[in-house]
Amino acid sequence: MIEEPYRWVEAIATRRDYIEMQLATGSPVVAVGYVDGILLFTVGQQKLFEIYDRIALGAIGHPGDIERLRMAAIELASTEGFTRSAADVSLRRLAYYSLSPVMKNAFEQIYGAPFLARLLFVEIGATPADDLFLEVDYDGAIHLRSTNEGNRPFAVLAATKKSAEQMIEFLRKQFRVGKNLAETLDLALDSWLIGQLKADDAVPADDELRRQRSERLGNGTISAAVLERHANMAVRYRAVGASELAPLIAK
Amino acid sequence: MDKPALDLGADFPSLLRRQGLLGPPAPVVSTRAEIVPTESTTILAFKFADGVLVAGDRRATSGNTVVYDRADKVLEIDRRSIMAIAGVPATAWEMARVLEHSFQFFRRTQLQEMSVDGKVRALSKLLRDNFGFALQGIGVVVPIFATFDAKVSPSARLYFYDAMGAQFEATDFAATGSGSPAVRGILYFENTWGEKPLQKISEDDAVVVALRALDTAAEADTATGGIDRHAKIFPVMKIVGAEGIRTLPEEKIAELFHKRVE
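Residue numbers (this note's numbering), protein chains in the order written: chain A, 1 to 251; chain B, 1 to 262.
Do not rely on the hints blindly, as some may be mistaken.
[Said to hold, decoys possible] Which chain B residues face chain A? A few, computed with CB under 7 angstroms, are given here:
| no. | residue |
| --- | --- |
| 1 | 101 |
| 2 | 105 |
| 3 | 109 |
| 4 | 261 |
For the record, the hints were derived by calculation from the structure and aren't laboratory data. Since the model is a prediction, treat every value here as computed from it, not as a measurement. All C-beta atoms, glycine included, are put in the ideal place defined by N, C-alpha and C.
Bound conformation, chain B alone:
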């Protein structure tokens, strides 16, 4: 219980470090690793009429090998925040875990919810600490962070990051990972020349746009799973809105896929 006088005690990662449960930030060295890390690819998020839709394909790869075809890259951090990851899952899932516990630890100790800016910054700090691994090519993580804050306008907030921890707020959409150039093209097109801008479309339309975008990304990028028609594996989609987070049931995605995408 001994703590420096001015320590507010709310920083969970440093508590873990003090107890030797979380490694120190990776040192920056120039040697490149020989191992080929597992990576996961192509996530996207955009604002629509009821909030933010976050979607990710299910494939995890290591070099040319498909390691896993049911990876979940869209992770719930708290009641109103979603983190989606492209990059090395080992690092990303650990980051998500630290982040989830950090937000709760802050709320419990400080008796107030961490601000959206504080949450966005917390992820940025974790990426920055990981930069040494990113430079070595074994721990690159490029996340998207989506949250909803009813008290401010606009309520839906969407951020994307680079591997060094720079955060960028997106006004309409964001996509990262190896399939993202195609996805960005589609989202830009839909937003600019589609029937309606993305922020005005309904939930069903949003799901269709996301499915089409991921299918297009998978067409040219081997690392993106897209939609597996044989095994019936569909992308994971979550919506964060005024009511909190909702995971779209696979049946609903499948139905829209068969009706309007296939």
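So that you can see chain A by itself, here it is in the shape it has in the complex:
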């Protein structure tokens, strides 16, 4: 029955609904540029990862699927970096030539299992204009977020399209070039809180949002990582330490 084109389209649509439902409870991931690099931020289980010297990953989805995609990305980047050089490892190539076709294929092979995962990659360049924010969806679709010459260096992963839009809207209003890490952590947390709102909740005012921080955060553990632009090591990835996160909750 699947041989009939209409059935196939129907099966794909059903599969899409199923995956969206599975992803609907995922904790959002926020990526925002700051004065020294790019911050990745989320709350909950570990889902911020180092991929290569200048590339990091945040994800929503099933841990098993995230793990498979993460491993594939690390293997590809590492072999490229070993055989050629670290400068030849590019996020664009990784996503377009390797991950996207594999995810699209898995999604459309309706007798096999799709990847229940939505990935947000960030790559740090020599200047903010060279930074890259790139999202790969479960069906292999790629959303490349232009940083607009470094003026709007942010991207989010959210469980639903509406939350993603609300988060981006918030960041668009609040983002200023040249903020330090502490200020950007604040911004990322507020944006994450907006991503957590239920579908029919109104977006609260800024000061209200800050007041409700601890209650909205619940028992969630904050995790954050940065890609530093001018670290004097080749590896730019660094997990943000507990001492740097402490002021967020204290306020």
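Once you have looked at the hints, place chain B on chain A.
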């Protein structure tokens, strides 16, 4: 992405082999090669008050010929590990590259730093795989590995290897390469009868000891460059300590050399 069920996926050399990017371990055969390989000689490392100092002269030789006088035999592997090499640079630099990528690959995939013992063992395995070449006389590498682990005591760790891959932990100092007998003599003397044991001396004193040791080694061993007074080429020195790795600037080495060695 297809992998055996129990493969943790963290072994980078075997990933390379699977993809045909790294040769298989050299077979052990008894024929001796006719070529005279390029070799580099005399490296030393010792613990001092702030960590481990690793130093190497700059000469690479092939038989009686000096091939290169600015070779860097002291290589950074990660934030806290240094590998220094005596032997064939072609093999050694490749080993350093594999090692560097292996440690990073492990950290990225397993989400934790490889243990010091794991790192030490990884180098041992690479040497063991290279044993066939070593037997043929064309790929002998005798490294020193220095690292710093703030979580354990003593924090500064120093290892030396033989060409077969046996690892030995050194308590105070290590030296390998053709000039090493002289260097070991000097380090032993300094450590035992010097003003203070090596582990208590300051950074400046440590640099002076290393310079004197390499100069002495070069005096009797043609394969060791020591200090080139005409071309102003000084040994490479790196320090691994609590803050990570620091390469000593040439000006500082030169200044101490003129003040206290020359």
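Hint-by-hint comparison with the structure:
Contact between residue 101/B and chain A, as hinted, is supported at the beta carbon level, the nearest pair being about 5 angstroms apart and thus within 7 angstroms. A distance limit of 7 angstroms between C-beta atoms decides the matter here; for residue 105/B the minimum to chain A is near 5 angstroms, and the interface restraint holds. Because the closest C-beta pair between residue 109/B and chain A is about 6 angstroms apart, less than 7 angstroms, the hint holds. The interface hint given for residue 261/B is broken, as the beta carbon of that residue sits about 30 angstroms from the closest beta carbon of chain A, more than 7 angstroms.
Consistency note: the structure conflicts with earlier hint 4 alone.
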